[in-house]
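Put together the whole structure using the sequences plus the hints.
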Amino acid sequence: MGDTKQYPEIRKRLTPGWWTHNRRYANYMVREWTSLFVALYSLLIIYGLSLWFNGSETDFLNFLKNPAIIGFSIVALFFTMYHAVTWFYLLGAVAPVKIGRSHTKPWQALILNLVLLVIISYVAIWIAILR
Amino acid sequence: MSQDIATIRVTRYRPEKDSKPFVQEYKVPYRRDMVVLDALNYIKSQIDGSLTYRWSCRMGVCGSCGASVDGKPKLTCESFLHEFKGRTITVEPMPNFPVIKDLVVDMEDFMEKLVKIKPWIIREKESPVEEGEYKQSAKELERYSQFSSCINCMLCYAACPIYGLNEKFLGPAATALAYRYIDDSRDQGKDVRFPIVHEMEGAWECTLVGECSVVCPKGVDPMLAIQRTKILGATNAVKSLLMPRGGR
Amino acid sequence: MKTETHKVARLHALLWGIFSLGGMIAAFLLPVLIYLTAIAYPYSLWPFNGTKNPGFLITGHTLGALFLFVTVAGSLFHGIFRFQSVLTEVGLQKYRRGLEAVGYFIIFAGIIILGYYLATWYLNGTIT
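Protein chains in written order, with our numbering: chain A, 1 to 131; chain B, 1 to 248; chain C, 1 to 128.
No lab work stands behind these hints, which were simulated from the structure alone. This structure is a prediction, so every number in the text was calculated from the model and none was measured. Keep in mind that a hint or two might mislead.
[Said to hold, decoys possible] Straight-line C-alpha distance at most 16 Å; calculated EDC-like pairs for lysine to aspartate or glutamate:
#1 Lys168(B) with Glu126(B)
#2 Lys168(B) with Glu4(C)
#3 Lys20(B) with Glu9(A)
Okay, here's the thing in structure tokens:
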């Protein structure tokens, strides 16, 4: 096996902008870039806590009230919600549950998990703040 | 009588003549029930006999006629002309594969991967024929049957940007086929297949783009198979951490 | 016949498992944390429409500190792990090794520093 190739084959390599040519690929890229905001926000909180650790609680709270931090965090919240929504949809796609003869659909997992998100958020606030 | 005409724009490449591919346009009489393969066959028989492409069953079961139709990986025998906007349709070779000529791509890498995952039942010890067949219940069959529907058309590789970026990636069809055997109750080859699907270029390269499952003409859902393979890999890794000397 | 050697990427499998867990955390716990720090507190909305503020996550109850740790650590791991893949997909495959080294350093430094702060606060009574 292995014929000698006498004529050159054409090989088109994917360029770094491969995802711009196709709406579905672009959506995928946006979905993946949410990870940057998730990571950056986490680092921001750690930095804020370091201000508290090396200073006082007021330093941390003033950091949170900084307009630039608020602005970035709200952007991060949008991307985090986009991550959550796409993550829930993916869960539905890769973990279909068999009910009788049919399977659950991704959009059903999305709705169920969004409801769970609201419930868990409330429980988290209750446990951490209101108790 | 005015005839409805479709314009087919085909990417041509004749290695012995051309230094790079070019687009050639053909006018084909349009019928509502025509598929792209019909148009290609018309071109080859009536207009330009040099047009080169693969096809066989013309009914979506052999997996030969994969191409990129208006930018989407499709089987040309399953692409009705009326699905596409307007009467101009672009046909290109499947992306992510080297092109040998016109619409014919080099399948070597894919064939190697199919063989690599050992697509046959592996038994620790083969039973003699007299003992009869390896029995399997309908429920056991259902666990893997969708993954056995693959017709090796390679559309999933054409759609997968991860494969496009890294040729070493095992890829959707091969991983789904490996998983088909891993989840087959008659198979005892996990020791053989796990190292193949769980090496770095195995299932781990997949980032759930999901286009493989979108373009699959047979509903195999390779993304699902790859995800299940990853879960098996992670579970095994945890098990080997907690029980280093045994336990499966 | 070509001899094949296949090495199971066991470490990567474990890291992937943690990344998946981090994804769950980022999806279910991160939104509420961002809401608390960036919307509720600056704009005095519930539950910070009274006297409490995000510092209460630490000084209020151990579970608050635990919530903070799990959410931030999980999200950091998930975000960096996934972003490394993103970078290799936009043309930086060549630098994969270097990017991974930097990424894991950031993850572990971040988690260790956060854990250190919370452990210290727990021990000195800041976290009640």
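Structure-based check of all given hints:
At most 16 Å may separate the alpha-carbon atoms for a hinted pair to count; Lys168(B) and Glu126(B) exceed this at roughly 33 Å. For the suggested pair Lys168(B) and Glu4(C), the alpha carbons sit about 14 Å apart, so the restraint of at most 16 Å is met. With a CA separation close to 10 Å, the supplied pair Lys20(B) and Glu9(A) stays within the 16 Å bound.
Going down the numbered hints, you'll see the structure goes against just number 1.
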